[in-house]
Each structure stands twice: as C-alpha cells, then as structure tokens.
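Undergrad: Chain by chain, the residues run as shown.
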Amino acid sequence: MLTKFIETMRQRISRPLQYYADICVRCGACVEACHFYVASGNPAHIPAYRMMLVKKLLQQGGNGRGILDWYRETGRIDDQTVTEIRHALWECTGCRRCAVFCPFHLDTGLLVNTGRYALLQEGLGMEMTAEIGNAELSKGEIVDALKEFYVEQVRELEGRLREEWGVPDLRIPVDQAGARVLYVPVVGEHAIIPLAKIFHAAKENWTLSLFTATNHSYFVGDIPKAKQVAHWIVDEARRLGVQVIAYAECGHATRTLLQYFDHWFGEELAGIQRMSVVQLVAQYLAEGRIRVRPGTFTMPLTYHDPCNLGRNAGIYEEPRALIRAVATDFRELTPGRELNWCCGGGGGMIAEPDMLEVRIKAGRPKVEQIQRTGARVVVTACENCKTQLADLSERYGLGWEIKGAVDIVADALVM
Amino acid sequence: MADVSPEKTLDARGLKCPMPVVKTSQEIKNVSVGGVLEVLATDPGSVADIQAWCKSTGNELLGMEKGDGVFKFYIRRVK
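Chains as they are written, first to last, in our numbering: chain R, 131 to 545; chain W, 37 to 115.
Bear in mind the hints are in silico, worked out from the structure with no lab data behind them. Warning: the hint list may mix true and false statements.
Keeping only pairs whose Cα atoms sit at most 27 angstroms apart, straight-line, the calculated DSS-like set for lysine-lysine is [what the hints assert, rightly or not]:
#  : chain 1 : residue 1 : chain 2 : residue 2
1  : R       : K355      : W       : K52
2  : W       : K108      : R       : K277
3  : W       : K102      : R       : K277
4  : R       : K357      : W       : K52
5  : W       : K59       : R       : K277
6  : W       : K52       : R       : K185
7  : R       : K491      : W       : K52
8  : R       : K355      : W       : K44
9  : R       : K355      : W       : K102
10 : W       : K102      : W       : K44
11 : W       : K91       : W       : K52
12 : R       : K186      : R       : K277
13 : W       : K44       : R       : K491
14 : R       : K357      : W       : K91
15 : W       : K65       : W       : K52
16 : R       : K357      : W       : K59
Here are the simulated distance ranges between beta carbons [unchecked claim]:
#  : chain 1 : residue 1 : chain 2 : residue 2 : range
17 : W       : V40       : R       : Q501      : 26 to 36 angstroms
18 : W       : V40       : R       : E447      : 51 to 61 angstroms
19 : R       : R423      : W       : N66       : 40 to 50 angstroms
20 : W       : G94       : R       : R285      : 30 to 40 angstroms
21 : W       : Q62       : R       : E524      : 12 to 22 angstroms
22 : R       : V212      : W       : S68       : 25 to 35 angstroms
23 : R       : G158      : W       : E96       : 52 to 62 angstroms
24 : R       : K277      : W       : E43       : 22 to 32 angstroms
25 : W       : S68       : R       : R145      : 48 to 58 angstroms
Cβ coordinates follow ideal geometry from the N, Cα and C atoms, glycine included.
Please model the complete structure; the sequences and the hints are all you need to start from.
TA: Take a look at the structure:
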C-alpha cells in the first residue's frame, strides 16, 4: 500500500521541496487561508498537515536523503492514510494562498504537484486529467494531419464573423509565417472570436496557433509531458518566426508560459516575448491602438484575480485597466489581489467529474466575497475560473454574468 | 458514414475547455466494446482534440462528417 507513491516521491523530491518540508514548524498560519479547509473542516486540507502527512510516509524505513533524516515521526499506512493522502493531494487547487500567509512562504503547491504524480503511479486518482494531458501530447504528433481540417473550420468561422460584424476584410490567419504575434487559444470559438475582433481593430499582424494553450500534464505533476506539450508551441513560434507568444485566458498555461518556459527552453526562446493576451490587449489600449466605448458596462461589476495570473504571475494591473476603460461601477473584492480567495475550481479539478461537489463546497468563500460586493457581472481571465464561477452561480442561485477580461473589451470595441 | 449505426450520441456543441474530451471519455464507457459513439461538435479546437484523444486512448476514429456547421465524429470503442 502506497509503495509506489513513496518510491516515486523519494525519486522526485526536489531540494526546494525538502527545504519546505524541513522548515514548516506547523505554526498554523496557513490553516484558515485554505478555502478547502474553511469549507470542509477536514484536517487533511490544512496545508501544514498535507506536508506532515507526506513527511511521515517518506520516513517509512528511513528515507536516506539527508535533509529529512532528523524527522522520526513515521506514519502508519492503512486505509485511513490512503483516504487522507488523496484528500490532501487531490483536493487542492494549487492556488498558493497558503504560501502568502505562511511566514516562510512555503509552497504547498510544489508538494501537491509532485505528490499527484506519485499518487498516479499508485493508480490513485485524477485519471481524467492525466488522460487529457496524454491527448494534448498526441496532438503534437498528428498536427500535420489535423491542420487542413482545422484551417477549413477557421475559414468558416471567419466567413461567419465577416457577415455578422459587417467587416469584409476580417482575417483569422492560421499557421502564418512572418506574423508578429502567435495567439494560442483554448478550445472553443469563444476563445477566438473576441481576439479576432481586437486584433483586427489593432491592425495586428497575428496568427492563430494550431495548438491550444492548455497543459493538463502540468496539473498532475508530469513535468516531462508538460514540457513536451509546451515545446510544440515553442517549435511553432520559431518556425513561424513570431516575436510574441500570447496565451489565451487560461490560468495554468499562462503560469507555465511566464514561469517555466525560461527554465524549460532557455535559448530556444531568444527574441520571443511571452505574455498573457490580457497584457497584450492592455498594451493596445495604452498605446491607443484600439478604442473602446467607456461606460459600456454600467451594472455593478467585479474582478476575480485568477490565482495563476495574479498570485502566481503578478498580473494585477492589466485586467483592471481593461475594466476601468469600459465599466462605470467596478467593485474590488475584499480581500483582494494576492490575498484573493481562490474560486475552488483550479488545479485540474474542473476536468474531474467526481470532484464537482468538492469544488462547489470549496467555492463558498469565493461566493461570499463576491456577494458582499453586490456585483452582477464577474470578470476573470482564466477558463477554469470561468467554468467554476458559472457553476457556483448556478448552484448557489446567484444569477451572475461571467465574462472574460478580453470579452468586455471586445464588447465595447470601436471597430 | 451511412453504414455506421451509433449506439450513443454525444452533443458536445458549445462546451468549454476541456469538456468535449471529458464528455467523450465518459460517454464512450457507456458504449459496448466494438460499438460506436457519435460526437457532435462545432468548435474548431474540439474537433482536433477529439482526434488526438482517439490516438492517445487507442479508440478508433472511423470517420467524420460535416453539415450545417456541425461536425460529426464516429468513434469505435476498442477496449
């Protein structure tokens, strides 16, 4: 029981993770910071307890890895331990709110990411997320075969939008060599339509990627696969000779783009800027490349900072600049920015049908803070957050309208 | 695909990421081994994703059809 988990953890435990495990003194500052614990009262959701649980298991039979050797409190392995470890490592969105409250800023997200991969080797959970990650990997292998059909579909979308918007010269380039910007969407035309409009208005030389930004292998800590999936996009960017890779409103993918790509790909990225599409659109607005109608949104509106854009990548100002340009009644959440509550739907949980009830429960602190603002429109910049907020609105009967930060700009755009 | 008789049909039109693949993966389990699942999709990306999913899971993509802006996939459950 848990043999493969322990073996894999010992192989994959990194120096930072060993430090985190050693440094945590269980002071308890993280306890009330975790939305899962606040909603459930389950000790397995306390970040420090999550860490302690793994430490005890690694101590089984001595870990032989030096830095943890002082820790002698071994844990027993029984059904309850298995249940606890699953709660501890799967029921976490990797939002890292606990790390902000921790006096040492210890990163439970790293523990969870590593631990999830070890649990998968044991055959315990999140198989759907891993399966989607494998499909994303396969996509790179068959992209040439998919290309013709994909381009044909995009041409159809382009034709429809030209007619709908009365813009006969609208273009949605795909796989266009010499473009300045490579826009990498998420699945679905909703991720292409607003950007087609904004890029047209900004007179941008852009191209749509053959890939999507999402990278589910990252959610399950399978870093070699996550890196390969990301590498398809780096290859595409280099082949097309673009200067900018802009990722759609997708939290975890944006985090990989801004925080992992340098480490993963180094010199391969020379001369290629990377940014969230929210940052790119904010640039257009600041430079006067696009114009919007102020006061397009007059109803109370709030912004939910996606953990992976805000706390994990420092993107706070750009989405607010977009909102202030088009909305008259913007109400900030309290606590906000780096202390903002996670929506409860991140970390791959959206893809796991069995986790629906857990995430609806974990979203309660988010629901309460949005309710306090009186907002009717909730703007955010992450696909998972959008799905989760829509689910929360439906389940708690709140009637929110959920919009992307780029959606509200597209709605208010002067063509 | 007139010669194919699907056991089930999944309407994946308009679903947000990553739901087209999630729903396809769930629904194929409700089809008998050797049986065929029909998937309806509209979004450009979801079509490619479902094709890639077939490759990675080993299920067989028998073919595709297009009509009235809707794409139909026929997937045979292999195991």
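Undergrad: Please go over all the hints and tell whether each is borne out by the structure.
TA: Structure-based check of all given hints:
{"no.": "1", "hint": "R/K355 <-> W/K52", "in the structure": "23 angstroms, holds"}
{"no.": "2", "hint": "W/K108 <-> R/K277", "in the structure": "17 angstroms, holds"}
{"no.": "3", "hint": "W/K102 <-> R/K277", "in the structure": "16 angstroms, holds"}
{"no.": "4", "hint": "R/K357 <-> W/K52", "in the structure": "24 angstroms, holds"}
{"no.": "5", "hint": "W/K59 <-> R/K277", "in the structure": "24 angstroms, holds"}
{"no.": "6", "hint": "W/K52 <-> R/K185", "in the structure": "38 angstroms, violated"}
{"no.": "7", "hint": "R/K491 <-> W/K52", "in the structure": "21 angstroms, holds"}
{"no.": "8", "hint": "R/K355 <-> W/K44", "in the structure": "32 angstroms, violated"}
{"no.": "9", "hint": "R/K355 <-> W/K102", "in the structure": "33 angstroms, violated"}
{"no.": "10", "hint": "W/K102 <-> W/K44", "in the structure": "18 angstroms, holds"}
{"no.": "11", "hint": "W/K91 <-> W/K52", "in the structure": "21 angstroms, holds"}
{"no.": "12", "hint": "R/K186 <-> R/K277", "in the structure": "50 angstroms, violated"}
{"no.": "13", "hint": "W/K44 <-> R/K491", "in the structure": "32 angstroms, violated"}
{"no.": "14", "hint": "R/K357 <-> W/K91", "in the structure": "20 angstroms, holds"}
{"no.": "15", "hint": "W/K65 <-> W/K52", "in the structure": "21 angstroms, holds"}
{"no.": "16", "hint": "R/K357 <-> W/K59", "in the structure": "26 angstroms, holds"}
{"no.": "17", "hint": "W/V40 <-> R/Q501: 26 to 36 angstroms", "in the structure": "50 angstroms, violated"}
{"no.": "18", "hint": "W/V40 <-> R/E447: 51 to 61 angstroms", "in the structure": "53 angstroms, holds"}
{"no.": "19", "hint": "R/R423 <-> W/N66: 40 to 50 angstroms", "in the structure": "48 angstroms, holds"}
{"no.": "20", "hint": "W/G94 <-> R/R285: 30 to 40 angstroms", "in the structure": "31 angstroms, holds"}
{"no.": "21", "hint": "W/Q62 <-> R/E524: 12 to 22 angstroms", "in the structure": "20 angstroms, holds"}
{"no.": "22", "hint": "R/V212 <-> W/S68: 25 to 35 angstroms", "in the structure": "33 angstroms, holds"}
{"no.": "23", "hint": "R/G158 <-> W/E96: 52 to 62 angstroms", "in the structure": "54 angstroms, holds"}
{"no.": "24", "hint": "R/K277 <-> W/E43: 22 to 32 angstroms", "in the structure": "31 angstroms, holds"}
{"no.": "25", "hint": "W/S68 <-> R/R145: 48 to 58 angstroms", "in the structure": "50 angstroms, holds"}
Going down the numbered hints, you'll see the structure goes against 6, 8, 9, 12, 13, 17, while the others check out.
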